[in-house]
Every structure is written in structure tokens, then in C-alpha cells.
Amino acid sequence: MSENHRSPWFMPIIYIGGLIFGFGLAISGMARPEVVLDFLQFEDFGLLFVMGGAAIVTGITFAVATRSLDRAPLTASEYTRRVKEFDRNVVVGGTIFGVGWGLSGICPGAAYASVGIGNYPILWAVFGMFLGAYAQGYWRALRPTSTDDMTEITSS
Amino acid sequence: MSELTPLLALGEFFPRGVLPYLLGGLLVGLGAAVIYLATGIIAGASTFLESTLSYVSDVPRFNRFKYVQSRDWRLVFTAGIVSGAAVYAVLFQGAIWTTDVQWWRLLGGGFLVGVGTRLGKGCTSGHGVCGVGSLSNTSLVNVATFLAVAIGTAQLVQAMGVAP
Numbered sequence: 001m002s003e004n005h006r007s008p009w010f011m012p013i014i015y016i017g018g019l020i021f022g023f024g025l026a027i028s029g030m031a032r033p034e035v036v037l038d039f040l041q042f043e044d045f046g047l048l049f050v051m052g053g054a055a056i057v058t059g060i061t062f063a064v065a066t067r068s069l070d071r072a073p074l075t076a077s078e079y080t081r082r083v084k085e086f087d088r089n090v091v092v093g094g095t096i097f098g099v100g101w102g103l104s105g106i107c108p109g110a111a112y113a114s115v116g117i118g119n120y121p122i123l124w125a126v127f128g129m130f131l132g133a134y135a136q137g138y139w140r141a142l143r144p145t146s147t148d149d150m151t152e153i154t155s156s
Numbered sequence: 001m002s003e004l005t006p007l008l009a010l011g012e013f014f015p016r017g018v019l020p021y022l023l024g025g026l027l028v029g030l031g032a033a034v035i036y037l038a039t040g041i042i043a044g045a046s047t048f049l050e051s052t053l054s055y056v057s058d059v060p061r062f063n064r065f066k067y068v069q070s071r072d073w074r075l076v077f078t079a080g081i082v083s084g085a086a087v088y089a090v091l092f093q094g095a096i097w098t099t100d101v102q103w104w105r106l107l108g109g110g111f112l113v114g115v116g117t118r119l120g121k122g123c124t125s126g127h128g129v130c131g132v133g134s135l136s137n138t139s140l141v142n143v144a145t146f147l148a149v150a151i152g153t154a155q156l157v158q159a160m161g162v163a164p
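So the protein lines, in turn, are chains U and Z.
Using the working numbering, you'd call the opening residue of the first sequence number 1 and step up by one each time.
Using the working numbering, you'd call the opening residue of the second sequence number 1 and step up by one each time.
Just chain Z, same shape as in the assembly (with noise of 0.2 Å):
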């Protein structure tokens, strides 16, 4: 029993065990192979958000050649994401799920993520898993900055007592 304990001590660490979450990264990452050893495409997700606004908008950022080139598939890329997790919640979940977290936060945290995804060249899919599978310095030095201050932000947010 003795061999158990550090693994034991670990736990308090992992409070819903480390399975789903090594699984479900697994599975990220085998998504994100799938397309691209097929098109040779590096999907990230939050292209999306500028290459659909070029449907819309004649502000010319988002209709540059790449984006309007990309948008088409981007969608479909994000129909997957909505219908993987939904086949996930009739499997697994049974009822809809629903977040505690207030709608300002959700709301004024998007509106920084757009900003900054957008800023930054990519989000926790394009840099996080894309970009720190290639090495790159860029994607690793965007990974550390956006974990250090989400770290700080959620930290700080909690100890001004906002729950959840």
C-alpha cells in the first residue's frame, strides 16, 4: 500500500481524476491531426471569429484574401465542435448543462478573448495545442503570458469574493 500514497496525494490535485482530461486532450489533438494530415490545414478555432464577421462586414481586415478564402470551411470546423460536444452530452450528460458563471463576466471575458486572440495571432487551440506541438517560440511565449495573467485575473476575481 505504501507505493499508493504518493499517487493518493496526487489526488488532492486532480479532484475529478486526471482520465477525462488526459482522454479529452488526447482526443483534441487527434481532431486538430485528422484535418490536417488530410488538407495540410493548422486548424485553430478562433480564426473563425474574424473570417465570419467578413460575411457581414465591409471593414476590410476581415476580408482579406485569407480569411474570405477560409471562411467557408471554418464554419463547418466549428458545426463539428458544436456537434462533437453535443454528441458527447446525449451520450454521457443526458440533460443540458448550464454555467453558475454570471453573464458579465461571460460577456466582458469574450469580449477580451476576441480582442486578444485577435491581437495575439491565435488562442488556446492555435497557439496552445498547434503552436506548442510545432515549437514555436511565438506560440510558447503567447502561452505563458495568457496562463500567468488568467492565473492573476481568476485569482484576484475570487478573492473579491465573485462566485461564481
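If we strip away everything but chain U, and leave its shape as in the complex, we get (with noise of 0.2 Å):
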């Protein structure tokens, strides 16, 4: 991505996007770990439409975009659709935040969304999320030549 090539309107629009994101996280209701804890516990499917939803709106802008756009006006980067390598780490990650997802309620946007509707008893989350990130990034600062983690490298 040339983001170097950054137009004085990067950071507006960066701003204007994650507003919309963060407007839309609260009116789903995935601001509130209770909502999430409901689809879990199979009290009310509601969250199938939030994913299901987003996912149309990306899916059909990155088929859009790929094909029929150029380069995006305000970085020249060119459109790309999100594919990531597949590993264990893909398996083992998702179980870990399944089991996390399971017992808070809460995932990283959504809990941003909740500082936002004041509901700062989440902040334990936020604090548990920037701990946990940093413990695997220490942990696997400790283990740089396993295979996983140069495929990574190579690949970013």
C-alpha cells in the first residue's frame, strides 16, 4: 500500500468510516455484551444479520472495486480483497478468541463502540485486550525463527 502518497483528506475519511462503523456497531446493539451473550446462548439470532449484512455491503464493494475501479483516489494504492495465508495460528487464534468471545461478550470494535454509549465497565476488556496482545507479541518475540512466524514476514 502507498500510503506515503497520503491526500489531505486520508485522515478525515479514515475518520468519517470508522464513525459509520462505530454508529452502526451501537444501533446492531454489539455494543453491549449482553446482546452478544444472547446470540451465544441462543436467545436471539439478531447478530447473524449484523455479520451477514457488513459482509454483503464489503462483499459486493470489493468485487466492485477489484474489477471495475482503478486505484483509490486518495493513497493510489491499488484495491486488493483481504486474503490472508493459511496456518495452525488461523485454528489455534480463533479457538482462543472463541473461548474469550464466549465469556466476555466482547470483541475489539464492538468494545471500542461501547466506550462510546459510556459504558465504562468495558474498560476491563480494553485493558484485557492491549494485555493480551502484548503477551503474545512478547511470546513470540522469544520464538522469531519458528516457521510460522517466518512465512509471516515473508509474506507482509
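For the record, the hints were derived by calculation from the structure and aren't laboratory data.
As the structure is a prediction and not an experimental result, all values here were calculated from the model.
Mixed in with the good hints there might be a few duds.
[Claimed, not checked] Which residues of chain Z face chain U? A few of them, derived with a C-beta cut under 10 Å, are:
(1) 22
(2) 27
(3) 47
(4) 49
(5) 81
(6) 114
(7) 118
(8) 126
(9) 128
(10) 135
(11) 139
(12) 145
Don't be surprised by glycine CBs; every beta carbon is placed ideally from N, CA and C.
Once you've looked at the hints, go ahead and assemble the two chains, each given alone in its own frame, into the complex.
Pasting the structure below:
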């Protein structure tokens, strides 16, 4: 990504995109851990419409942009799809994430949105997420020669 | 009236209705689409954790080029998410809202989410929204894994009588 050719509109657009994103999370109820837990306990299946609705919009956008559009106006970056390499960590990470999500009902984006609706107890979760991200980064820095990390470095 | 019966039966699965969920989901997608169309950036919410740690930590992993290069806009993106939810709260919620979920669940769950999302290369927005929208097999596997495990965990916690 050639983000070094940023237009003056770059940051305002990122902010506006985040604003719409956060407003959507709040209106969908995802900023409330109780709503997420209700889904996971089969009491309210609404979350399927949140993820489904969002993935349909991004899916159409990615498909149209990668096929028919040239380059992003604010960065001159090419349009690509989000395709990450598969390895064991994807499953292990997904499992650990699932335990955390099922225990707390929070995920990163929804936790930030939860701060916005005044839910100050969520700061426990935000603190926990930073701690977790730090722990895994520190741990993986201790074993930088593993094959997992090598593939990631060469692919990024 | 008889043609409405299936809808009424479905209502049981959607005690809060469907519209706020669908509308919210479309807006989440729209927010990501606005950023993507303008900049080519596929915005996930969890890389913010690592890229922000690069401001305060010397651990080389957090100071890789892609994190240091993107940490400023990821802060702005997250500030946008917080403000967007705050706009909702001011317009529709009235007073502040706080969760009843206990602090140790939030802290412990947050820690595991922090480990899992970074190890697994994404979260509910990165894999769940943008990855699935890209029809990425990696993301589909990750989402299927965390959905199944989260459902099992939440049901187990409930069965053990922990509420909320």
C-alpha cells in the first residue's frame, strides 16, 4: 500500500468511516455484551444479520472495486481483497478468540463502540485486550525463528 | 392472517426484532466500504492493539513497518468508532449505558480475545466482515472456529450458573 502518498482528505475519511462503523455497531446492539451473549446462548439470532449485512456490503464493494475500479483516489493504492495465508495459528487463534468472546461477549470493534455509549466497565475488557495482544507479541518475539513467523514476515 | 404465522414463529428467535441488527450491519459494512473505496485500506479493528503498542513498547514485533506505518490512522479509525457510538448514544440512548457482565469476565475474556485475534490474524471485523466479504477460505475457517467455540463457551458459562 502506498500510504506515503496520502491526500489531505486521508485522515478525515478514515475518521468518517470509523464514525459510520461505530454508529452501526451501537445501533445493532453489538456494543452491549449482553446482546452478543444472548446470541451465543441461542436466545436472539439477530447477530447473524449484523455480520451477514456487513459482509454483503463489503463483499459487493470488494467485488466491484477489484474488477472495475482503477486505484484508490486518496492513496493511489490498488484495490485488493482480504486474503490471508492459512496456517495452524488461524485455528488456534480462532479457538482462543472464541473462548474469550464466549466468556465476555466482547470483541475489539464492539469494545471501542461500547466505550462510546458510556459503558465504562468495558475498560476492563479493553485493558485485557491490550494485555493479551502484548502477551502474544512478547511470547512470539522470544521465538522469532519459528516457521510461522518466517512465512508471515516474507508474506507481509 | 395465516400468511403471517411463519413470521410470528420467527419472532421467537428475534425478541428485539431484525431491523436494528440489519441496519447496524449494513452501516458497519458501509463504514468499511467508505474507507476502502477512498484509500484501498481494508480496515479491521484489532490490529489497532498491536500498532498502538508500538508507541510504548520496544518489542520488535510491534515495531514492524506495517504497524508503525499504520498506527496513526488506526488511532483515528478507533476514535471514529468511539465517536460514532457516542453519536448514537446522544441521539437515541439518552443516558449512559453500562453492562452487568462481571468485571472478571470482561478482563479474562478481553485477554483471550487479545491473544486470539493477534494469533489468528483478525477478529470479527477483519475476518468476520472483510475476510468473509472477500470469500477468503482462511477467514471462513477462522470465523467457523471462533463461532463454534464461543457458542460452546457461552453455553457452558450459562450452565454453570454464571449470570450475567
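These are the hints, each one checked on the structure:
1. 22: holds, 4 Å
2. 27: holds, 3 Å
3. 47: Holds, because the Cβ-Cβ distance from residue 47(Z) to chain U comes to roughly 9 Å (cut-off 10 Å).
4. 49: holds, 4 Å
5. 81: holds, 4 Å
6. 114: holds, 2 Å
7. 118: Since chain U brings a Cβ to about 5 Å from residue 118(Z), closer than 10 Å, the hint holds.
8. 126: Status holds, d = 7 Å.
9. 128: For residue 128(Z), the interface hint holds, since the closest Cβ of chain U sits about 5 Å away, which is under 10 Å.
10. 135: holds, 7 Å
11. 139: Nearest chain U Cβ about 7 Å off; hint holds.
12. 145: Because about 3 Å separates residue 145(Z) from the closest Cβ in chain U, which is inside the 10 Å limit, the hint holds.
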